[in-house]
Every structure is written in structure tokens, then in C-alpha cells.
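Visitor: Here the protein sequences line up with chains A and B, keeping their order. Take 1 as the starting number for the first sequence in our numbering and just add one per residue. Take 1 as the starting number for the second sequence in our numbering and just add one per residue.
If you're looking for bench data, these hints aren't it; they were derived computationally from the structure. These figures come from a predicted structure and were not determined experimentally. Hints may contain errors.
[Unchecked claim] Pairs of lysine-lysine residues, derived as DSS-like cross-links and limited to a Cα-Cα distance of at most 27 Å, are as follows:
1. 57/B / 373/A
2. 4/B / 57/B
3. 373/A / 119/A
4. 95/A / 57/B
5. 93/A / 28/B
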Amino acid sequence: MLRERILKGIAVSQGIAQGKVFIYETKQVEVFQTPILPVYLKDETERFDRAIKKTKHELRNIQKRLNYEIGENFAQFLDAQIMMLSDKAIIRKVKARIAEEKLNAEYVYHNVIGEYAEKLGASKDTYLKERVADIWDVGSRVLRNLLGLTHSSVVEIPTGSIIVAHDISPSEAALINPKSVLGIATEAGGRTSHTAITARALEIPAVLGIKGLIGKIENGEKVILDGDRGIMIKNPSAGKIHFYEIAKKKVLELAKVLSPFSELPAKTQDGRRIDISANIEFFSEYTHAKKYGAEGIGLFRTEFLYLTRRGSPTEEEQYRVYDALAKRMKPCPVIIRTYDLGGDKIFSDYREANPFLGWRAIRVCLDELDFFKMQLRAILRASVNKNVKIMFPMISNHEEVKRIHLVFEKVKKELRAKKIDFDEEIQFGIMIETPSAALLSPHLAHQVDFFSIGSNDLTQYTLAVDRGNEKISQLFEHFHPAVLQLIKQIIDAGHQTHIWVGLCGELAADPLAIPLLIGMGIDELSMNPGSIPRAKMVVRAITIPECEEIAKGALNFRTPLEVKRYLRRNIHRKFPGIDKVIK
Amino acid sequence: MVKKPLEILNENGLHALPASRFVKLAEKFDCNVTLEKEGVEVSGKSIMGILTLACEKGSTVTLTCEGKDEKEAFKALRKILEGQD
Chain A
1 MLRERILKGI AVSQGIAQGK VFIYETKQVE VFQTPILPVY LKDETERFDR
51 AIKKTKHELR NIQKRLNYEI GENFAQFLDA QIMMLSDKAI IRKVKARIAE
101 EKLNAEYVYH NVIGEYAEKL GASKDTYLKE RVADIWDVGS RVLRNLLGLT
151 HSSVVEIPTG SIIVAHDISP SEAALINPKS VLGIATEAGG RTSHTAITAR
201 ALEIPAVLGI KGLIGKIENG EKVILDGDRG IMIKNPSAGK IHFYEIAKKK
251 VLELAKVLSP FSELPAKTQD GRRIDISANI EFFSEYTHAK KYGAEGIGLF
301 RTEFLYLTRR GSPTEEEQYR VYDALAKRMK PCPVIIRTYD LGGDKIFSDY
351 REANPFLGWR AIRVCLDELD FFKMQLRAIL RASVNKNVKI MFPMISNHEE
401 VKRIHLVFEK VKKELRAKKI DFDEEIQFGI MIETPSAALL SPHLAHQVDF
451 FSIGSNDLTQ YTLAVDRGNE KISQLFEHFH PAVLQLIKQI IDAGHQTHIW
501 VGLCGELAAD PLAIPLLIGM GIDELSMNPG SIPRAKMVVR AITIPECEEI
551 AKGALNFRTP LEVKRYLRRN IHRKFPGIDK VIK
Chain B
1 MVKKPLEILN ENGLHALPAS RFVKLAEKFD CNVTLEKEGV EVSGKSIMGI
51 LTLACEKGST VTLTCEGKDE KEAFKALRKI LEGQD
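Put together the whole structure using the sequences plus the hints.
Guide: In C-alpha cells:
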């Protein structure tokens, strides 16, 4: 019996897959030198022209598909690829050298592309260096067309496969068929890579960034891919297989029970409506939000616009995404959160010792005003749709909110002067995710239209625990009494000033937390689209007075364990129907 | 002929997307467009050429436009290099 091995990577797309490994290698296209007789030189150049034309046609088709499935902003890398392909200087050079050297088109083209790739690879700039992959992505496509080879083995992958690769090029990732591919594992890439975004859009599990993956795995072997925990299990033991089979079965059964709830309103037994909305990271996820019955977008994380294109999107590009999202979600609200980026993501030479306590999010934006104002203009312009709200992350003091107001009003004034329309009534909200903002919430409430509690960061900052650190991650506890006390204070402060209070973070989707939060008076819960049916099911099973009773008792405990035990007991007693969705 | 050294002020340098905007715009003009950096000269209508120049933010390139619409071309193209488009 072979020993079980667990290969760790980055969890980028949820779900569990059991299947056969299909090692996908982007094989270098082999090219041979063949002399061409002078009479055939014209044919040779024409053959080259046809290959370029065919390749352009293929890329346009991929782009159309991506525009439709994921969104225009994402498919822009194909614009650059199409331009590389149709670059006249290269085409001219290739044709001249075919005539001069009397050699075959593929050989000459391969050399010319190789020369450019080499120059680019020598660049000091890491971004440009990475474009070498783009050049070869396009170049190999042309070469395969010249040689009459079929592309993308991705399309031909047998049903029931888990793709294992070093990396998958963007144009290849776009062709992955979710009917045959059960999961994706790669050595390269991270949360913002094209492969990650494609996997999430297709709702197939993916674990990326597994070091040395290809050397450790063989074609055809059976593995388990766990996109929730970010691991791939090689030679899984009978126990593990059983564990995952049961887990998968449970997920499927539960999904069946819960799916009807996506269509139903989130209304408690005694008739109170709770807004259940979705947290999304990129544009096309609005389809998931709708599919699972979200009543709005509670958090649109704009940093992905920035990270996926590795640079600041222009005002126009941002506007197009925000506007399209607002239009597709109408009449439901869309809350756009301004960049929550670490300084190191924006300035490649910036490093700091404590990024989570450092120059990030609103702190960067208030220092880099041009950058910030560009985003504010784009959001304001999209607000003509009347369903856009704006929200600012990582607030830790009163002055920040004051300064944001000043900048925001200035941008509005500039737009008015240019006669550019926007929603004058646009709601202005802040995230409460630092203990200082939570404690100051009675004051902050006077300055804003709503609060959104970022429970993940609030927990991390309140407990001083980095959940990414394995040695202490067990200390990270949403149900810590200190965190719950702050949440209660924030909600009370908001309501005393008559503003609404939402919560986005994992707590919002936790069936154990929902009755408690509703009992504390929360107005909105925003979560992963996939968790929405379950949350609606919980909301529809409860009544307000009983939740209030639960909330009253929940704040009297000393430890997270005591809180959870109390919640379990009381939910079981008052709302036994929810039991089956509580772990 | 209009010829002038310019500093790249575009936030991320002349990367794939600004470079492709540059080429698209350059192609609208009849005049010859060239970019020169540290002794290497490339056509301003070739995205691959521009990328290989590796124009980071803060570097200096010489933009040359030569032909009947050179003035308008220069004016429009410099905006992209200076990040004002």
C-alpha cells in the first residue's frame, strides 16, 4: 500500500473533486528547418499569412467567449495578444527572412519570436518578463496552425479528469470545459491568476501554487483535490476516501434540500425581511449571486480589477465594470468598496514589516489622491443607475472619514462642473473592521449612511491573531466574546443614529451566527453567493423575539466554546429545523 | 520632423495595455512613428518592439514623428507616454 501524501497549495476555488490526474503539458512545438525552392517562396509567405489570419480568428473567438462569460475587463489581455500577433514589424521581418534565407515559415517565425522573447526576458521589469509567456502563447498558436497541429489539449481532456500542470496560459484556461474537468492543480499562480478566476467562474475546485507538483504526481493516478483546504491528496487512504465521499454526498444532499430556498425571500417566521446579499470579487460572479438568490451585492471587491491586470485600470475601464454590474443587478443595490490594497501591491519596491498594520487600503488611497479620485469618479459615474452605494475599508479614526468626505465632495463638484451626471443621493458607508472604529462607532455613525462590519478583519485585529499563521490559527475565533461585544456595540450605535448596519465576512454565512446577529438587530448579511440558500433557509425558520432572547444571553460568556455551546443548545431548542445545516 | 525626449509618466510604464493603446493610436496616423531608448530604435507601430524597449515609469524615450500629420501625431502620442490619455 502506497503511503498517503498531502501536497499543499493555495485554495483559490472551493469544492472537492475526486478523479484521475491528467498531466497537461504545454509542449514546445517542434520546428524543423526546411529549405524552400525559390518557385515556392510565394506559396510559403501566403501560407504564413493564412496561419496568422486563422490564429487571429481563433483568438477573437476566445475573446468573445470570455467577454460573455467573465467580462470585458478580464479579456483585455487578448487584445494585447491579438496586437502581438498582427504586429506588422514582425510579419514584415518574417516575410523578408523567408525570401532571403529561403527557409520554411515556421522555422523563420520561431526564430523571430524567439529573438523578441529573449530581449523581453532580459528586462529587469518582472511584469515585462512575464509577457514572455504571452508571446509564446501567441507564437505557439501560430506555429501549430502552420504545422496543421490541433491546439489545446485542454479541450480534449477526458471526462473525469483533474488537470495537473505547471501553469495554464490564459487563452488555454479560457477553453476549459467544466463538463469534463473536475478540478485544477498547478505549480504556478495564486488567487488572482487567470486560472483562479476561470476556475471560480466555472465553479470547479482549484488549488494553485503547489511546489514541485509535476515531479510528485503521475498521469492517470487517482487523487483527491480539496479546494476548501487547498490540498491535493496523493494515494489517499481508505479512510480519507471514505471521509471525502461522505463529505461530498452530504454537500450534494444539502444542496438539493437548500436549492429551492434561493428563490424564496429571506423573511422570518414573524415577517421581518433581512437583506441577504453577495460578496463578489469579479464582475461575472454577479451570475452566481443571482443564481443563488442574492438580493444585492453587499461587497464588490474592486482590488481584483487592479490585481488581475497588474496595474491601475483607467477611469473608463473601471466605469464600464461598475456600470455593467449596476445595470445587471438592477433594481437590487450594489455596494462598491474602494481599493483594499496593500501598499506592496501598488508600488513594486514598497516593503513593510507588518502589512496588516501598515500602509494599506484607505491609508494608501488618502495618500495617493489621483489614484483614489480616479476610482471615486468611476463609481460616481456608475451611480446614475441609482442602485450604487460606496463603501470605504479599514477605517481606524474620525479624521479619515472627514478627509474622505472632503475628497468625495471635491470629486462630485468637479463632475458637476463638467456636467457629468451621478446620483446626488448616493449612500456613503464605511467598513467597521478595526477595534478603534468599533469603539468610536457612536461618533462615526453621524458621518455616514451605513456601516458594514467586516467580521474577518475585526476578529483578526481584536484578537491580534493572524489566521494565516498555523501556530496560532486556533486562536482565531469569530465567536470570541470580545468580538461579539464589539459587533453588538456597532449595531446599537448605528441604530441609535438611524443608519443601517450590515455584516460581510464569514460570520454572515454561519448558521450558528445568523440567529444571534439577527437578534442583535443586524439589517443586512452579505456572504459568498454559494452560502445564500442556506442563510435564507435559516432566516425563514426563525422569529425575531426568540433571536433577541438568544442574543441577550449570548453576551454573558467567557469563552468562544461556551458561546457556541449556548447557541447550539438554544437553536436546537427554539428552531430544531436548522439543526441539519449546523456542523 | 518632430522629435523630443520624453519621460514616461504612465503609472505602470509602457506595459502591454498602454503599449497597445499607443500602437492603435499610432496606426491612425500616416507619418512614421519611432521610439528610441538607450540607442535602440523601434517602430511606434509595433507592439512587440515597444515592449522590448522595457519603458519603465521614469525612464526617458525619444519620440519621433515624421510625415505629413506629424504634429497631430506627436501631440496625441505624447499624452499616452505621459499618462494623460
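Visitor: If you test the structure against every hint from before, which numbers come out violated?
Guide: When the structure is compared with the hints, numbers 3 and 4 turn out to be violated.
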